[in-house]
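S.K.: Quick one: dock chain against chain with the hints and give me the complex.
Those protein sequences? They're chains G and F, same order as listed. Here the first sequence stands for residues 1 to 325, numbered as in our numbering. Here the second sequence stands for residues 1001 to 1324, numbered as in our numbering.
Derived by calculation from the structure, the hints in this document are not laboratory data. For each residue, glycine too, the CB sits at the ideal point set by N, CA and C. No false leads were mixed into what you were given.
Residues of chain F clear of chain G, computed beta-carbon distances all greater than 10 Å:
#, residue
1, Arg-1039
2, Asp-1046
3, Lys-1157
4, Asp-1180
5, Lys-1223
6, Lys-1250
7, Glu-1270
8, Gln-1302
9, Met-1303
10, Glu-1304
11, Leu-1321
Reference listing, derived: stretches of chain F covered by chain G, where coverage requires no fewer than 3 residues with Cβ under 8 Å from a Cβ of chain G:
#, segment
12, 1071-1078
13, 1086-1097
14, 1106-1115
15, 1162-1169
Here is what each chain is made of, one letter per residue.
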Amino acid sequence: MDIKREDLLQLYYYLKLTRRLEDRVTSLYHQGKILGGAWTSNGTEAVSVGYGCALERNDIAAPYFRDMGVFLIRGITAKRIMAQYFGKKTGVTGGKEGNVHIGDLNFGVFGFPSHLADNYPVGTGAALAFKIRGEKRVAVACTGDGGTSRGDFHEAMNFAAARKLPIVFICNNNQYAYSTPLRLQMAIKDISERARAYGMPSKIVDGNNVVAVYTAAKEAYDIARNGGGPTFIECKTMRMHGHSEHDSAKYVPRELLEEWKKKDPILNMEKYLLENNHAKKNDIDGIDSRVKNEIEEAETFAIESAYPESEDGMKGLYATPIVGE
Amino acid sequence: MKEITYLEAIKEALDEEMSRDASVFILGEDVGVYGGAFRVTEGFFDKYGEWRVLDTPLAESGFTGAAIGAALVGMRPVVEMQFADFISCAFDQLVNVAAKNHYRWGAATPIVVRAPYGGNIHGGAFHSQCIEGFFYNVPGLKIVAPATAYDAKGLLKAAIRDNDPVIYCEHKYLYRRIKDSIPEEDYVVPIGKARIALDGKDVSIITYGAMVHTALEAATVLKDNGVSCEILDLRTILPLDKKSILDTVKKTNKVIVLHEQTKTGGVGAEVSALISEHCFDYLDGPIIRVAAPDTPVPYSAQMEEAFIPQAKDVISAVEKLIRY
Ligand SMILES: Cc1ncc(C[n+]2csc(CCOP(=O)(O)OP(=O)(O)O)c2C)c(N)n1
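Chain F extracted, bound-state conformation (with noise of 0.2 Å):
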């Protein structure tokens, strides 16, 4: 076992795939010599050329489109959004090519999208966006969000090996914050599998992301006030592991769905329609939302804060929650 930070994590499985498949390469702007603005790829550029390590031009449909034209003809290719804020504009390559080429004419597009997401480093409206939401409604990609850095190494390569394309949520907030023990040896978190990352019984909380970590203070606020909450991380959110998802329902039959993505349409509202769907009989009150306001993420610090949930949101919401 090693201890290594998120970004360390993602590094580290972008270096042993490179080296396991020659069919692995990476794009996207600065990635190169510079190592990329969060300097994931520092030192690959030395390691692997400038062939698999490729600045493109500021260009994400043109580079993303070009992604998905190498996957068709057998490379694996990861496409670094510099900021995933700046996905919006290669969302038509996503959504009508990538995801539809395996459904419409049975050819595989094994692309991974990586995202640096989320807030809580004051980078306002474009430089801190959850995206997921925007991609939640597109049947054929596959949507991975990691909180720890286990996951964070084992989802992407996961990803990379997978045959579909991935949109890959890398928080940024959670790249030097964090640090796991990882095991030296190979491994792969399977896309499609959620995680039960505190075990509780009276309340659960549903989550992914860095907003895991929000739910982990709160529970540990909340367990010295009597309470016990389970949290589910979702690790994939599309598409969501069902089963995990009523399995915890039907264990503490009281649900907080909580995310840093805004609230209209997102993923807690896809969680919770799921949850009344199949399983309403289990539950003791209604599911509540702690999510951001459906605003763009504002600059400042004080309000950044306040638009971004905070554990006292999770207390307040399970306290209420516990009544019924």
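Isolated chain G (complex conformation) (with noise of 0.2 Å):
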């Protein structure tokens, strides 16, 4: 696949933002500055980076918590993130959630419920009303290697296939569920092997390179746009940090995090722009900047936010509020 060279300059950028963004929430949180806990996708940005950029615009994402990429690309901002962080009233929303429970349908955006895989059935949905209004539109959703093992993670894979409904399934299969190995996760070595009980095409990506990434993405969302029906993709990937940030975790061999650490999906891509003649130094030392002042202005905004007031929280409960309570 011919990828323009301005998507793969913003493939790099949304990389870079990632990690500069969550960097930044990782040492505030360190710093006791924010509240609440702070879950990082480093390692493997090249999962979310590269799935969220290969979508268009009127389609859906039904993200999980380590997937940033997605929602700094379909357009919630460093700022608002940040704020969010904070618990800000500026913050996604609005104080009312923490860290990476957002979600903005105004980007086509789904929002994270904790429990893991419950997006998997949530973005079927989308995929279903597409199918039943007819709209080439195509959904896409993500969870975790531990994800898999939930019920809901086999309800919607099964329930796409069999009425061949436009979503392509992603798993960010990082190696460790919080400090549980795949070993004991599951039987099987390929996790892609689950698609084909479903009788659901599926493909192992390196989820270290940002291209493939967003090539079989693509690929699979303009067979899913097509009405060829569900793809679920693997991203092989490392966590290179713990589960969060309070865990330093000694569970994980430190010779497989320097087997990894070389395989760095933003080093990665870097050269790659270099070795093709993508980009030059310049252009990478431009990103750079842009990126530093976006998360620098993030912050600033998010420390200047006013918080909510302690009423705000006794709001929104219903859309349709009842008439006389």
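M.R.: What follows is the structure, encoded as structure tokens:
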């Protein structure tokens, strides 16, 4: 697949933006400046950036919590996300929710419910609506390797395949679910084998190669958009931080991390761009400083934003409030 | 006006809403060609096609989640649980996704989950349960439970037009047993409003669903004994119509709360607490709950009859209360 230079640079930009935003969140977390926990996608950014960039404007993403790239790509700004971490009124959920528990229908991205794999059926529902209405739109849903053990994963895959719905299922297989390694999560080697049980084509891609993820996703979206039904894409990668930033992840062998460190998705992409003459060093530097500014501005915005009022927590339960309540 | 059964009322509401609004569709097990386990959607498949009367795999969490996703992009799905009992498999999607979407991130989730519930049909522990209690502690959901054919139609229409997730508890025992005269023209019964099913002055019986009829039966007997009962049919049980509840208490000063759901932690507990918090001074006696005992629903006729509150149970509770 031929990818335009500007699209390649965009992939790089979002990789950097995701990394830098989450790195900053990590520091702020350790300084005790943000509320609640901090989960990052460190080392696996190419998954969300790849499948997110391959979407069309009208498509729907139903992500999970290591999909920061998707939220940014869809149009939720770093400012709003940073404010979210601080629990500010200007955050994506106005302080109602924390960290990556965000979503915004204005940008075609569903909220992430903590319960893993819940967004597999929910994403499937968007695809069902597109099919019923005859719209040429697709949905994409993502979860981690651990999430693929849940019934909702299987129920969604089965339903989508039986009805040939326009959805692509992504798995961020980063080898660990919190501390649980793959071998205790399942008896199979490749999660993609599960797709076969539902009569669904699948693909294994290098989850540290953003171009590979982007290409596989784009191809799968095309198939889905043209009535070919769902595809499952397993992105093999490695979670380089702990489950969340409080977790030192001692249970992961250091050698394994050393090995994966060499495959860093961002360095990978930078090298690819330079070696293939898609970018020069100063293009890369330009993107880096743009990203740096954006994150600094986001932090300033978040710090300067007001907190919500305590009464705000009592509002917005219903979309149709009961009259006379 | 025309006379139709409770089941026909549900069917008419679905049919009319589906013709009125192309975003309304039905999904669930065997709802298509077969027309649903209780034949509520009989004929719909031919009329609306396989994509609007959609047979799903046997996977309640999966298809409830899918209904939520479809609702998020502009559809108004009506999920049919084959029996309300199986809603437990969709608990997570309803509690953690549907109920919290609007509060958490401002996204409306207009889904209706039809739950054919309740006993008295010799269905045993897995086909007779009252499921409203499972969801009673979940802010963000609405739960309705019509007792009449009129309300069955009007509440279902209101539920479909509502922008929040609504669990619609339709009592299986009432399907073909009760009839009402209903208007020819379109109407809705607003969510959140109780109704006085019987006007009275001595005792209030607060109830909903099939128990409204049990209460009426008891009231007829009690009337002959000189006791005038007021029956408040809650219709919406989440959120409760507080005003109507407090009004009837202030009028009669004596309260029975009656439901088919098991007693502990049920709707009756909530109604009782509400009354003591807000109008304790109006009470002339204890609030008495008449409810099913805290066991699974038994199968055998004698046991099931003893399990489900009967008119005689209501009568003896009223007789006890009236002595205060
Ligand atoms: C259903 C459910 N159970 C437990 C949790 C708590 N939890 C949060 S993340 C996580 C591990 C997730 O592992 P995986 O799906 O592999 O995703 P990863 O973190 O590796 O990206 C657990 C157990 C949860 N969010 N959802």
